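Per the numbering used here, the sequence shown runs over residues 705 to 853.
It cannot be assumed that every hint is accurate.
[Unchecked claim] Between beta-carbon pairs, the in silico distance windows are:
id : residue 1 : residue 2 : range
1  : L749      : L810      : 29 to 35 Å
2  : V721      : Q764      : 41 to 47 Å
3  : H811      : H712      : 37 to 43 Å
No wet-lab data here; the hints were simulated from the structure.
Since we're looking at a predicted model, the values are computed, not measured.
For each residue, glycine too, the CB sits at the ideal point set by N, CA and C.
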Amino acid sequence: MNVTHFKHPIFEEPVVVFIDPRHALKLFRNCLAEYSSMVDDEDNLIQWRYFVKLNNLQEQEKLHLDLQLTEFAGCAPTIRATRLINDIFDILNTRSIKQFKFKQALHEGNKEYVFKKLDECFEYISKLRECKNGQFLINGRKKTVLSGF
Numbered sequence: 705m706n707v708t709h710f711k712h713p714i715f716e717e718p719v720v721v722f723i724d725p726r727h728a729l730k731l732f733r734n735c736l737a738e739y740s741s742m743v744d745d746e747d748n749l750i751q752w753r754y755f756v757k758l759n760n761l762q763e764q765e766k767l768h769l770d771l772q773l774t775e776f777a778g779c780a781p782t783i784r785a786t787r788l789i790n791d792i793f794d795i796l797n798t799r800s801i802k803q804f805k806f807k808q809a810l811h812e813g814n815k816e817y818v819f820k821k822l823d824e825c826f827e828y829i830s831k832l833r834e835c836k837n838g839q840f841l842i843n844g845r846k847k848t849v850l851s852g853f
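Required output: the full structure, derived from the provided sequences and hints.
If you want it as structure tokens, here you go:
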């Protein structure tokens, strides 16, 4: 369990820290960029290089993408990670009940759907590992990235 408070140095009262989940998503992106790859719950590689390649293609083609799929062979785990992180962002960034899917504000009619997706995302995130040493990210030096969820 993560400790989310510390004692104030003068008053010795607990100072509670609230991690902003939307900021944690940015930290996740930065973590992937720094590590260049991660291992998911199915032992597949999530790779930053696909984001770099896609960005380069968009710049070359001026957003008229004529993707050469061979350049993206093996990117399915990266797509899965991106979609799950995007779903978390949508859930945490809801503002209106008039939206659809995970962008819709939480209410009685969608809570099971949303909570099921959050459980899936938490399970997925808790099993992400570093490539070089196999350590679970949630236990490593980048644990703040994941504990924000």
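Do the hints match the structure? See the list:
1. As the Cβ distance of L749 to L810 is approximately 33 Å, the hint placing it in 29 to 35 Å holds.
2. The given range of 41 to 47 Å is respected by V721 and Q764, whose C-beta atoms sit roughly 43 Å from each other.
3. Separation of H811 from H712 is about 38 Å and conforms to the stated range, judged on CB atoms against 37 to 43 Å.
Checked against the numbered hints given earlier, the structure satisfies every one of them.
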